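**Q** Using the sequences and the hints, build the whole thing.
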Amino acid sequence: GQNIDQPTEMTATEGAIVQINCTYQTSGFNGLFWYQQHAGEAPTFLSYNVLDGLEEKGRFSSFLSRSKGYSYLLLKELQMKDSASYLCAVRDGDYKLSFGAGTTVTVRA
Amino acid sequence: AAGVIQSPRHLIKEKRETATLKCYPIPRHDTVYWYQQGPGQDPQFLISFYEKMQSDKGSIPDRFSAQQFSDYHSELNMSSLELGDSALYFCASSGGTGTFSGANVLTFGAGSRLTVL
Chain Y
1 GQNIDQPTEM TATEGAIVQI NCTYQTSGFN GLFWYQQHAG EAPTFLSYNV LDGLEEKGRF
61 SSFLSRSKGY SYLLLKELQM KDSASYLCAV RDGDYKLSFG AGTTVTVRA
Chain G
1 AAGVIQSPRH LIKEKRETAT LKCYPIPRHD TVYWYQQGPG QDPQFLISFY EKMQSDKGSI
61 PDRFSAQQFS DYHSELNMSS LELGDSALYF CASSGGTGTF SGANVLTFGA GSRLTVL
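In order, the protein sequence lines correspond to chains Y and G.
Heads up, the first sequence is in the working numbering, so the first residue is 1 and it goes up one at a time.
Heads up, the second sequence is in the working numbering, so the first residue is 1 and it goes up one at a time.
In short, the hints are calculated from the structure, not lab data.
Values in this document were obtained by computation on a predicted structure and should not be read as measured data.
From the three backbone atoms N, C-alpha and C, an ideal C-beta is built for every residue, glycine too.
Careful: at least some of the hints might be erroneous.
Among chain G residues calculated to face chain Y with C-beta under 8 Å, some are [unchecked claim]:
{"hint": "1", "residue": "42"}
{"hint": "2", "residue": "43"}
{"hint": "3", "residue": "45"}
{"hint": "4", "residue": "90"}
{"hint": "5", "residue": "105"}
{"hint": "6", "residue": "106"}
{"hint": "7", "residue": "107"}
{"hint": "8", "residue": "108"}
{"hint": "9", "residue": "109"}
{"hint": "10", "residue": "110"}
{"hint": "11", "residue": "111"}
**A** Have a look at this one:
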């Protein structure tokens, strides 16, 4: 099975920066995804990393280190609407996508 | 742009009844996935289909079955429902020739909420 770990909860202030870490141990690796999910809604795609390094996309950036089995999602200039659960998902050597338990981010005014 | 369509959005059933969920993937997407998400849980992979053939199987109970039809829509059939089957069921699709087709990004539908009483 897959082992994907991320913090359960994080709280930050509007306008601040928050970094959500994700560590994984999988049988093979074919990419890491970050999804945002508001309560009761579908996960929506945020970012994809398959090579080491930083992918920047507006206020959101994602970093990957394959040798360390580590990724982070960086959320800048936090807005109230960013309050959601952020899911780290890893595609293994068999191309199966498994999700972490998600990190609930609460943005306070 | 067309998205993944799921129906029904909400479903209430009694224990031991049967339920069928439907999913219409994004046009030209060749792979359909079913996930189950319990309250406060991460999505758990159930089953997937590639070009109408079952491509992978996850933690899907034997009471559940699924298939993909010639028009690419998929149905998840659940029998002998148990209280623990109450969850959000997401369908997702991937493939096609869009910007992220190489990454095989999954696009999720809005989900079907099943409540078993």
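**Q** Does each hint hold? Answer for all of them.
**A** Structure-based check of all given hints:
no. : hint : result
1   : 42   : holds, 4 Å
2   : 43   : holds, 5 Å
3   : 45   : holds, 7 Å
4   : 90   : holds, 6 Å
5   : 105  : holds, 5 Å
6   : 106  : holds, 7 Å
7   : 107  : holds, 7 Å
8   : 108  : holds, 4 Å
9   : 109  : holds, 6 Å
10  : 110  : holds, 5 Å
11  : 111  : holds, 6 Å
Hint compliance for this structure: no hint is broken.
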